[in-house]
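A.B. asks: Please build the complex by placing chain B on the supplied structure of chain A, with the hints as guidance.
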Amino acid sequence: MRGFFLYLSLGMLAVLLRTSVFPLFFTPGFCPDLLLVLVIYLGLSENMLRAVLLTLLLGGMQDSFSGTSLGLYVFVCLTILLLVRLLSEHLNVESPPLLILLIAGGTVTQNLLLAVCLTMFADVGPVVQVLLPALPQQMLANLLASFLILSFVLKIQHLFGNRAGLAGLVYQSKRHGT
Amino acid sequence: MRDLIRRYRNLLLAVALLLSVLLLYSYNLRQKASTTFFERAVLTLAAPFQASIDGASDAVFGWWQHYLWLVNAEQRNVELVQENLQLRKSLQQVEEFRLQNERLRELLAFVDDIDRPALPAQVIGEDVSSWARTITIDKGTRAGLRTGLPVVAADGVVGRIIKSSPNSSRVLLVTDASSAIAALVQRTRTRGVARGRGAELSLDFALRDADIEPNDLLVTSGMGGVFPKGLPLGQIGQVERDEFGLFQRVKVAPAVDFSHLEEVLVVVGEDR
Numbered sequence: 064m065r066g067f068f069l070y071l072s073l074g075m076l077a078v079l080l081r082t083s084v085f086p087l088f089f090t091p092g093f094c095p096d097l098l099l100v101l102v103i104y105l106g107l108s109e110n111m112l113r114a115v116l117l118t119l120l121l122g123g124m125q126d127s128f129s130g131t132s133l134g135l136y137v138f139v140c141l142t143i144l145l146l147v148r149l150l151s152e153h154l155n156v157e158s159p160p161l162l163i164l165l166i167a168g169g170t171v172t173q174n175l176l177l178a179v180c181l182t183m184f185a186d187v188g189p190v191v192q193v194l195l196p197a198l199p200q201q202m203l204a205n206l207l208a209s210f211l212i213l214s215f216v217l218k219i220q221h222l223f224g225n226r227a228g229l230a231g232l233v234y235q236s237k238r239h240g241t
Numbered sequence: 384m385r386d387l388i389r390r391y392r393n394l395l396l397a398v399a400l401l402l403s404v405l406l407l408y409s410y411n412l413r414q415k416a417s418t419t420f421f422e423r424a425v426l427t428l429a430a431p432f433q434a435s436i437d438g439a440s441d442a443v444f445g446w447w448q449h450y451l452w453l454v455n456a457e458q459r460n461v462e463l464v465q466e467n468l469q470l471r472k473s474l475q476q477v478e479e480f481r482l483q484n485e486r487l488r489e490l491l492a493f494v495d496d497i498d499r500p501a502l503p504a505q506v507i508g509e510d511v512s513s514w515a516r517t518i519t520i521d522k523g524t525r526a527g528l529r530t531g532l533p534v535v536a537a538d539g540v541v542g543r544i545i546k547s548s549p550n551s552s553r554v555l556l557v558t559d560a561s562s563a564i565a566a567l568v569q570r571t572r573t574r575g576v577a578r579g580r581g582a583e584l585s586l587d588f589a590l591r592d593a594d595i596e597p598n599d600l601l602v603t604s605g606m607g608g609v610f611p612k613g614l615p616l617g618q619i620g621q622v623e624r625d626e627f628g629l630f631q632r633v634k635v636a637p638a639v640d641f642s643h644l645e646e647v648l649v650v651v652g653e654d655r
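Chains as they are written, first to last, in the working numbering: chain A, 64 to 241; chain B, 384 to 655.
Chain A with its partners taken away, still in its complex shape:
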């Protein structure tokens, strides 16, 4: 339960950073989407029920601060989580470069799903023209942020213990016996 609230607090922190701190330093396109990183990490580390519940709440949190309707980011985050879980069965998820690659894939998928949902359901005409030019900047920002977070976490782990991989991926390790 403590872990559950920790993830929620991390989600709220990501939202606060994105809405109030990053805009002071970066243009909207270059603000990293830390919630996406969190959802992908959830997909790799937590058991299914907990990951789904947390993703629903994190998506709702993102919806509360973005766009006009609740449900868009809930759907997008949930789809990304399920895709990550599907992929994680076939990948060595403890490899840091692979995590970075997943973030890149997640960014593209997120933008694709947003474009499809907004065009099909909300009939927001020129949203593709807004999303497409911002994609390279968003990708760069997300990759850089996830690389920095990963390097920091691995360094901290190294200082406090002798574990080689990324902590938190216990669920996957248990499943695959690594």
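Hints listed in this document are in silico derivations from the structure and should not be mistaken for laboratory results.
Hints are not guaranteed to be accurate.
[Claimed, not checked] Label pairs and their calculated CB-CB ranges:
id, chain 1, residue 1, chain 2, residue 2, range
1, B, A399, A, L164, 26 to 32 angstroms
2, A, P189, B, R525, 32 to 38 angstroms
3, B, I388, A, P189, 39 to 45 angstroms
4, A, G168, B, Q569, 47 to 53 angstroms
5, B, P503, A, S214, 53 to 59 angstroms
6, A, K218, B, N467, 41 to 47 angstroms
7, A, G168, B, L428, 30 to 36 angstroms
8, A, V179, B, V477, 47 to 53 angstroms
Note that the Cβ used here is the ideal one computed from N, Cα and C, for glycine as well.
C.D. replies: Showing chain B alone in chain A's frame:
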């Protein structure tokens, strides 16, 4: 059949979950004017943190600017004294124009004047995504705000409130792709719809033969019932007319610089 369901149980559950979320989104799309309990709770919870971060960053920037970063202070001081003199001169002229304007208004009984009570609010947050253009302000239902109210700045229209909680509200900017405002070109009174395009606006449904030139001022027409008539929306940029087609393609630079938006006014009352 039971074996089939058991075999694909996880897949069926995932599809059912995704479909229910899509239904939720589709339902909420029709309830744009309402703020859900979840959204209200999240906004209420985040508002004090956002206000604190905003205050702290202001303090840090102020401290940095006033006490540490004084490299060009003397040069800047000289420039400001010069600028101050010029501004004083301009102010005298403006005062003359104001008095003249008042006299002319009385004479012409100018009824298009926008004179409504407005509530100042501070911008405490921006949109969490890179594609949507919304901001969060530090006033909510407790200050008498509600969804749909127009928000303006000194330079022109900012947007309208789409979500409100007791202490904060979210404003959909005019540059958001889902924003559409009835507008007219001030010089020729050509009508159209100003639609958001991320960083700029476009004027849709302006007839091909309509007289629109670059640098014309685009203002609200007051037709939608949300924005008062005559508020600046932006300046016409590029105008393209195809050989065929009913409408022309018009790009508009927004009147408000959204990257430096700190204070806004929420128009709360009806026309006096």
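A.B. asks: All the hints need checking, so say for each whether the structure fits it.
C.D. replies: Going through the hints against the structure:
At about 30 angstroms, the CB distance of A399 of chain B to L164 of chain A agrees with the hint of 26 to 32 angstroms. At roughly 36 angstroms, the beta carbons of P189 of chain A and R525 of chain B sit within the given window of 32 to 38 angstroms. Separation of I388 of chain B from P189 of chain A is about 43 angstroms and conforms to the stated range, judged on CB atoms against 39 to 45 angstroms. About 48 angstroms separates the C-beta atoms of G168 of chain A and Q569 of chain B, a value consistent with the hinted range of 47 to 53 angstroms.
Separated by about 44 angstroms at the C-beta atoms, P503 of chain B and S214 of chain A break the suggested range of 53 to 59 angstroms. The hinted range of 41 to 47 angstroms is not satisfied by K218 of chain A and N467 of chain B, whose Cβ atoms lie roughly 52 angstroms apart. Separated by about 32 angstroms at the C-beta atoms, G168 of chain A and L428 of chain B satisfy the suggested range of 30 to 36 angstroms. Evaluation of the 47 to 53 angstroms hint for V179 of chain A and V477 of chain B yields a pass: the beta carbon distance comes to about 52 angstroms.
Hints 5, 6, counting from the list given before, are not met by this structure.
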